[in-house]
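Positions 354 to 642 (this note's numbering) are the ones given, in order, by the sequence shown.
Simulated from the structure, these hints should not be mistaken for laboratory data. Since this is a predicted model, take the numbers as computed values, not measurements. The C-beta atom is built at its ideal place from N, Cα and C for all residues, glycine as well. Some hints could be false.
To be verified - Derived CB-CB ranges, DEER-like:
(1) Arg612 - Asp445: 32 to 40 Å
(2) Ile480 - Leu580: 27 to 35 Å
(3) Arg577 - Thr617: 22 to 30 Å
(4) Ala460 - Ala486: 21 to 29 Å
(5) Gln569 - Ala548: 16 to 24 Å
(6) Ala419 - Ile480: 13 to 21 Å
(7) Glu563 - Gln472: 55 to 63 Å
(8) Ile480 - Arg522: 37 to 45 Å
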Amino acid sequence: MSDERARGAAAAVTVVPVPLWRLRVRRELPRYLLCACACAGLLASLRFAVAPPRSAPGAASKPGPAPDRAAAAFAVLFARRYLTWTASRPEDSIQALASYAGPGIEAGAGFTPPASGEQRVAWAEVIQEREPAAHELIYTVAVDTDSAGLLYLSVAVARDREGDLYLSRYPAFVGPPGAVPAAAPAHAREVNDPALATVAQRALRNYLAESAGEMQADLTSGARVSLPPSPLELLSLARLTWAPEGRSVVAVVQARDARGADYTLAYELDVTDAQGRWEVSALQTEPNE
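Starting from the given sequences, assemble the full structure and let the hints guide the process.
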């Protein structure tokens, strides 16, 4: 009998009452959490669509390294002296280039003038720059000479531990930068508004003629225009088309200077429709920028 009572006690079931609302919460909680996450995602997407985040005023991307103007000037000076020579005085070339050559480069940078003649440089200017390795810059210098014409010289410049500049390699004659012939913009829309064409032509005529007072009549109140230093005569307006953004027009004109030289020029004019009257707010350049 005692064994049966023990087994009956072990098999007893305890019933604990649980409120119905707790059972419902346990059953529905995962679905509520999933719906809440979906709603949060939709609200976030709506916020970015209506009011996307913007950079704080004055914030700017991290600027790249500043150009080494001293190294560029060093390359230009070397190119001028390297391509300036007199056959009867070869020692002048060696002496002029002595301060440029770095380790492993012979005196005169390996240049020996021809047996006769001379050469002078009219101008020289850096047109390309690249940095193949740390602490070394290679410049392409365009050099206009009186005997060989326009040449392109590649000049490698480096700095030593003290920061002094030197020629790190022998120079090299190279070709010009790649270029293609100028082509008319694709899908340019012609300006069909006679009033706008009249204003553009009149503004350009006064602009080229340096007639600042006459030009004011076609400018907006806040327009700033910098007139060219040498006056030109506007001969004709050859073409007037809308720029791609639709807020300015591009005028191709024929003009003539005081010496009788003729030019085909293109000017971009920002235009505004001010209560039915066209006005110019900028012409080709922004003087204050």
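**OP:** Determine which of the earlier numbered hints do not hold for this structure and return their numbers in increasing order.
**Re:** When the structure is compared with the hints, numbers 7 and 8 turn out to be violated.
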